[in-house]
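Since the structure of chain A is already known, use the hints to place chain B on it.
For reference, the chains in residue letters:
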Amino acid sequence: MSFFDVMFCIVALVTVGSAAIVVLSRSLIYSAFSLLFTFFGVAIIYVFLGADFLAATQVLIYVGGILILLLFGVMLTHRLYNLNLKTETFQLIPGMLIALAVFTSLALSATQTRWKLVTQKPAEPTTEAIGKLFMGEYLLPFEIASILLLVALIGAAMLVRRRSDA
Amino acid sequence: MITLQHYLLLSAALFSLGIFGVLTRKNAVNVLMGIELILNSANINLIAFSRYSSHGLDGQMFAVFVIVVAAAEVAVALAIVLTMYRLLKTVSLDQADTLRR
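In the order they appear, the protein sequences are chains A and B.
Quick note on numbering: this note's numbering labels position 159 of the first sequence as 159, and the sequence is numbered without any gaps.
Position in the second sequence (first residue = 1) + 1000 = this note's numbering.
FYI, nobody ran anything at the bench for these hints, they're computed from the structure.
Fair warning: there could be bad hints in the mix.
Straight-line Cα separation of at most 20 Å, DMTMM-like style, residue types lysine to aspartate or glutamate; simulated pairs [to be verified]:
| # | chain 1 | residue 1 | chain 2 | residue 2 |
| --- | --- | --- | --- | --- |
| 1 | A | Lys132 | B | Asp1058 |
| 2 | B | Lys1026 | A | Glu88 |
| 3 | A | Lys116 | B | Asp1058 |
Isolated chain A, as found in the complex (with noise of 0.2 Å):
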């Protein structure tokens, strides 16, 4: 086994674990960071792929936004002064199968499928070709894209604002 190979079995197991223990803790607060080494993990993979501009944003939109939320989430939802912040399970026998029968199935097609694959050629850096697609061949998408953002932010504004002054 190579270096990066040794590299590659920590990060996922790392990655893996970390998920484990967000859908399996009873406290919401170490759910909510051991996401934050989930999505960390992720982003090594991103770079272990050769994608360092997505390794980048999985870092400051994921880390730096949706895990914040996420925890105003869970702060807010609860009294500040109960602090056992815990969660309920149920019906966890048909999820579990549910979701070894996922797991079955996706194993078995990334395993069984012969992947027509190219050779693989060197990472080289990505921001300036994605810039480059993004003002070209993706304006639509893009622009379609700023226009989804507005409407959440209007209406995540309008469904959270007091219903007093409505």
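Chain B in isolation, oriented as in the chain A frame:
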């Protein structure tokens, strides 16, 4: 040697953990965390295929849009959760059944 299959297996593990979280958790915020895991595993798949195929950066562009949609989704979903908490004083998904009663 790390090949495409390893990345696919990793993302399959993340995906099924996310499914498990979505199905078994009662807290709405925790369900959202499961959805984030699912979106991340989809992104790993997109980028892995983009790396191991001859289509250039198309997979990475898709991953960027997935991240955009995930950000919009979590903002609106948390707004809904906060409204639900204000109206019902709970974020437990099996107690928020006013329509059913």
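Structure-based check of each hint:
| no. | hint | verdict |
| --- | --- | --- |
| 1 | A:Lys132 / B:Asp1058 | holds, 12 Å |
| 2 | B:Lys1026 / A:Glu88 | holds, 6 Å |
| 3 | A:Lys116 / B:Asp1058 | holds, 17 Å |
In the structure shown, no violation is registered for any of the earlier numbered hints.
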